[in-house]
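If you're matching positions, the sequence shown starts at 345 in this note's numbering and goes up one per residue.
Where hints are given, some of them may not hold.
Under the rule of at most 30 Å between Cα atoms (straight-line distance), these lysine-lysine pairs were calculated in the DSSO-like manner [said to hold, decoys possible]:
#1 Lys457 to Lys431
#2 Lys513 to Lys347
#3 Lys542 to Lys565
#4 Lys347 to Lys643
Keep in mind the hints are simulated off the structure, nothing from the lab.
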Amino acid sequence: MNKQIRIGIVGYGNLGRGTVEAIKKSADMELIAIFTRRAPESLEIDEPNVKVVHISNVRDYQEKIDVMILCGGSATDLPEQGPELAKLFNTIDSYDTHAKIPEYFSSVDAVAKASNKVSIISVGWDPGLFSINRLMAEAIIPQGENYTFWGKGLSQGHSDAVRRVDGVKDGVQYTIPADAAIEKVRSGVNPELTTAEKHRRVCYIVAEEGADQAKIENEIKTMPNYFADYDTEVNFITEEVLKAEHSAAPHGGFVIRGGETGADQNKQIIEFSLKLGSNPEFTASVLVAYARAAYRLHKEGQAGAKTVFDVPPIYLSPRSAEDLRRDLL
Numbered sequence: 345m346n347k348q349i350r351i352g353i354v355g356y357g358n359l360g361r362g363t364v365e366a367i368k369k370s371a372d373m374e375l376i377a378i379f380t381r382r383a384p385e386s387l388e389i390d391e392p393n394v395k396v397v398h399i400s401n402v403r404d405y406q407e408k409i410d411v412m413i414l415c416g417g418s419a420t421d422l423p424e425q426g427p428e429l430a431k432l433f434n435t436i437d438s439y440d441t442h443a444k445i446p447e448y449f450s451s452v453d454a455v456a457k458a459s460n461k462v463s464i465i466s467v468g469w470d471p472g473l474f475s476i477n478r479l480m481a482e483a484i485i486p487q488g489e490n491y492t493f494w495g496k497g498l499s500q501g502h503s504d505a506v507r508r509v510d511g512v513k514d515g516v517q518y519t520i521p522a523d524a525a526i527e528k529v530r531s532g533v534n535p536e537l538t539t540a541e542k543h544r545r546v547c548y549i550v551a552e553e554g555a556d557q558a559k560i561e562n563e564i565k566t567m568p569n570y571f572a573d574y575d576t577e578v579n580f581i582t583e584e585v586l587k588a589e590h591s592a593a594p595h596g597g598f599v600i601r602g603g604e605t606g607a608d609q610n611k612q613i614i615e616f617s618l619k620l621g622s623n624p625e626f627t628a629s630v631l632v633a634y635a636r637a638a639y640r641l642h643k644e645g646q647a648g649a650k651t652v653f654d655v656p657p658i659y660l661s662p663r664s665a666e667d668l669r670r671d672l673l
């Protein structure tokens, strides 16, 4: 590329910090500004050329930023910020409430088309890379079943959701897959598995002083789209224990499709897996790659909401088509 892609970041939690680091590793990108709802001076950012700006002033940067990476949570931030910022910028986000993706897509799509911007939604590893692998496996082996297992790991979206519960001061949530269920799937028997049979969810919560812990536990366990369908365990701990034992953010998982091909019904297994030392840093790296794609799609004159299904893989790479054909094909 002849010029660096000018990037903005909205939100400076774990995902926002990971995005800063990912941009540093992308020679074709330049971070212009970080936007926050907090007092800008309260953010400690060791990036002298990057401005820290209150979100209320985001319109001032409409001509200074090529792609805005939205690093807020799916529970409350992105449903509001996604459509609003698509009026002004090409955007990328990691919206991950699977059941509501069609609704979210529609809300962003209408705005992005009207403003002639590209907004790639639900970017990350699931939804995102896992979604692509589910699609490919189903297309290649139409007679079969898809299975997705997450963890063991700390879920950003679910952790954000528990922290939004009234009376919760801080907290994290781990998704734990059932080893027996994974082995059944890998054996090729294509078992019927309920949601609860595949995973359980374990929460570690720091409650506000005087908060009703029984009420918090019930609200978490009955939360639709997050915990209601799972075997969920809620543990109350101190801030000190949370910091000492739950500060890291490992994660990972598997997409497995078992099926049959040919007249002889030969068994076939496709598996894609991730083992992540840092969930937010890896998700941020995916967001940054798709920011490059959004910039290219916009330059082509495309507009509206997109998903990972709509983006040619070649648009993710800073390398030329000739290089990719030579080295990776």
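**Prompt:** Does the structure break any of the earlier hints, and which numbers would those be?
**Reply:** 2
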